[in-house]
Structure formats: structure tokens, C-alpha cells
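Protein sequence lines, in the order shown, are assigned to chains X and U. Following this note's numbering, the numbering of the first sequence begins with 27 at its first residue and continues without gaps. Following this note's numbering, the numbering of the second sequence begins with 1361 at its first residue and continues without gaps.
No lab work stands behind these hints, which were simulated from the structure alone. Predicted model, so just to flag it, every value in this text is computed and none were measured. C-beta atoms are modelled at their ideal positions from N, C-alpha and C, and glycine is treated no differently. A few of these clues could be false.
Label-pair ranges, simulated between beta-carbon atoms [said to hold, decoys possible]:
#1 U:1374 to X:67: 43 to 49 Å
#2 X:216 to U:1361: 21 to 27 Å
#3 X:126 to U:1387: 35 to 41 Å
#4 X:402 to U:1368: 52 to 58 Å
#5 U:1375 to X:285: 43 to 49 Å
#6 X:216 to U:1377: 51 to 57 Å
One-letter residues, chain by chain:
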Amino acid sequence: MFDSTEHAAELFALRTYGNIYSRIGNPTVAAFEERIASLEGGLGAVAFGSGLAAQLATVLALAQAGDHVVGTASLYGGTVTQFTVTLRRMGIACTLVPPEAAAIAAAMRPETKLVFTETIGNPDGNVADLEILARIAHDHGVPLVVDNTFASPVLCRPLEWGADVVTHSATKFLGGHGTVIAGVVVEKGTFPWSGGKHPLLSQPSPGYHDMNFAETFGEYAFLMRLRTEVLRDVGAALSPMNAFLVVQGIETLALRMPAHVENALHVARFLRTRDEVAWVSYAGLDDSPYRELAAKYLPGGAGSIFTFGLRGGRSAGRAFIEALELWSHLANVGDAKSLVIHPASTTHQQLTDEQMSSAGVRSEMIRLSVGLEDPADLIWDLENGLRAARSAVPA
Amino acid sequence: MILQTPSQRRDLLKRSRTVAMVGASPNSTRPSYFVFSYLRTKGALDVTPINPAVAGIDGVKAYPTLAAYAAERGAPDIVDVFRKPADAAGVVREAIAVGAKSVWFQYGVIDAEAIRLADEAGMDVVVDRCIKVESARFDGGLATGGLNSGLISSRRR
């Protein structure tokens, strides 16, 4: 209960800290938020009901109708549709460009409010050059927002490489067991929000009795607006029970990530030896085009989600997945158990061919999320799948 | 001495009791009102507005100058500065004159001369920090808002 009417008034006016209503903040959710902020090296965090909600809220905290965001092309399919369809309907334009300095710089406009990328692209497995992206964003007076879902703070801490905001689908490695949908936004706290480029933070807000967030909360301006206006009004709150499950997952994150990486390397190296496999795209392999970026940004390993291509295309892919017994045919990733999917017919099916190819999705591509099982069992199952794939292709 | 670490700021807040807030505003949308109101209702620190334009804020008597405050209440433990940077050195001179032990410059109140004067006078100095935020860091308030207190402890705050 509120201690008194004065105490309640102080809380609602944001003049004191405390619990008001669980949509805006909750003690269990706050425990998760502070822990992920600490792990990422951030100033604080705001949790959301899903990773996509966290991402949308980040955009809404910084941009409004008439504004523009820039994203790198090989993003998760759900992010691509959120940015190119839903944001556009809200009057916020989006340009997706190859993750190269010149292309990003060319896409920047006066009304651009942020640059968005993923540490490790889904599903292409490309590794972002965070330092260069941060420099370009900062040169244009906007923050770099990095989705760190595929790396987790155990493998990469983007805020240490110049990123300003980190988002997560906590559904994945943070929760770790595929039992919960959750998202979170972490901010570093060093971006100059009062620079004039982000009037939603540096001008009086009619959403909070004309409060100027940058002036009132200093380095906390972004996080305060994200919580007290965006989360409050959008309502995509994380349930405390789900926050508890993610916190339980985080307790073993440092043990699980190296084990995921070890199994992923084992599986990737196995696949590369097989005739049925046309290519393997894992940044952890020595011949990956992302090897140098991975060595720099992901010295502990390039995660455990990657793709490979089967000779024989679509029909071989179908036979492969249907022959697997141990790997689960599921759309999520970052689970304790090993998962497999054919993106072209599932996660990325709503993308146009052009968007698919710019996102690095090919029709023969199989995505793996390597879990924590005994690697010998994983290989045994893959061998069966590859045998089935071979028989599915007419000789 | 310029206090740089969280533990130095915690110790300063722990050993202080009185805060003279130079530039506290009665306007409820102003940051200086937020901080005044927070410290007043929290109750751990005895906060007084220093503002010649008002008689008091929320029932707390205001003093026009630090000297007027000190004449009745003695030297404050902390002089909290909510003024534009150009005015900060003048506030520090007044703080030194009344024998204040420490000076706290709020967000954006950054003035090299003011910092130097306070430091050379032997005061504890906090720069570009908010006394409300730092109080909340140590009493659990920040963590309530999902903010990183920087404190890792198994104890309930």
C-alpha cells in the first residue's frame, strides 16, 4: 500500500522511487533488470513482454511519425517486418542497408534517430563491426542500438564497443530453456540525449505533465522515458513469473554459453566434412568470412546458432528435418536442447525474395541452434538426417 | 577532494545530516523541486531551500543566502548546487565562508573554477551527479526502477 496520499503523489510524479503498478515496474522484474544491466555493463534496464516489444519500445522512445531509422540488412525476419511494415504504418521510415560503413553513412538522413544491428545476425551468422557502426552513428548524432540476443553478455558486451543501447530477446540464452517469452532493453547512459537530435527526450513531454526528461533525469533520461511513457502506454510488460524464470536461467548463463559454443564448433566441423553439405556458415570456423570480426568481438566463441546448406535444396531439406529424432523442429533458438528449422518455409516466409536474399536467407538453408546434449548423440542424429537427405535427391 | 567512487559518495551521504540546496525551486516540474521533494519526504537528510525568491517550499522555510542559513542553523554538511555553471564559483565562495564541509554539483553544473576552489578549500566535492540518484543508489530506490546500482550484494536493501 502507499504510505500516504503524499507518498502516492510523489510516486506518480516520479519524484520518488517505488512500486506503483506492475505494468510500469515490479520488484521481481526489477531484479531481472538490474542483473542484466550489470551483466551488460549498462546504467539500467527496462524489461518487456518479448524481444520484439523491447525493440519496438526502443524505437518509440526515440522516434515519432516523420522520423527515420537505419538498420543493417541481415536482421531477424520479425525485426524486418516490424521495421519495414509496422513502423512505416506509424509514420516512421526505415532503411535497411548492407552492414558496410559507406552504405550506412549514405542511408543517414537529418531525421534519422538511431542505427540498429545485431551482434550476430539471425540467421546469416554475420558478425557486426560494432566499433565502426558506433562511429558512424555517433558522427550523425544518433545512438547505436545492438540486439545482443545471439551472443549474450557472456560472449560479447556491445556497450564496451561503443553501442549505446542493447536489446535482448531474453527468451533465448538468458532464459536458456525455451520456457518463457521475455525481452529487455539496456542502456549505457553516456549518449548525449540533450544534444537536440532527440526532442522526445530533450523537450517538454505532454505525456508526463511537460516534464523534460533529459533535464530532470540527466543520464537516466532514456531509461526513464522508456519506462514511464513507453512501457506505461504500450503496456507490453513482462510478467513477474516470467522474470523469475529468466533470472533462474541467468544464474547458469556463464556455464551454459561455453558449453553451447563447444557443441556448436563440434557440429559445424562435422557438417563441413560431409558431401551432402554444400556450405557451413558459422563465424567460429577458421574459413568463415567473419572469422576476424568474431575473433575481435566474440573471443569466447561465436554462439551456437548457425546455418548450413544441403545439396538438393528444398526437398533434401525437408527429408533431413523429418528424419531427425533428437533435434527438435522448432522456431526458437538459444534453448538447452538442440533445435533445427528451415527458415525459407517458416521464420522468413513473409519476406519477399529480395528481402530474403538481402537477409542472407537461401532456400536450401537449414538453421541450427546447438544445445547442451552429448555431442556424439547430436552427430548420430545428424548422420541419420543427412542419409535421408541424400536418398531424397534423385541420383 | 573530488569524490569519484560510489563508496566515497555513500560515505559522504552516510556521515551528512543537513543539506542546503542552493536554487531549490517551488515549481513542481523543475528537477530542483524533484530532488528537494525527494530528500524532504525520504527524511534521512534535513534539506533546506536556499532561494531569495521564496519564503519556503512545501512547508520548509527557505533562506535567501547560505550566510542567512548558517546564521540560524550553523554550517550545512552539504551545499547542493542547482545553479547555472557560471554562478557555481560564487556559491562555492559563500559555502567556504560559512564553513560547509562539502559541495555537491548537480547534473550539468560543471565549472572548473568552482571545482578547484572547493577542492583547494579542503571540501569533499561531487561533480555532475544527482544527490537524489546517489541516495537512491544506496537505499535500494534505483534497483526498484531496474537501474544498475553498481552494488552486488546478497543483502536486502
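Now the hints, each set against the structure:
no.: 1; hint: U:1374 to X:67: 43 to 49 Å; verdict: violated, 27 Å
no.: 2; hint: X:216 to U:1361: 21 to 27 Å; verdict: holds, 24 Å
no.: 3; hint: X:126 to U:1387: 35 to 41 Å; verdict: violated, 49 Å
no.: 4; hint: X:402 to U:1368: 52 to 58 Å; verdict: holds, 55 Å
no.: 5; hint: U:1375 to X:285: 43 to 49 Å; verdict: holds, 48 Å
no.: 6; hint: X:216 to U:1377: 51 to 57 Å; verdict: violated, 33 Å
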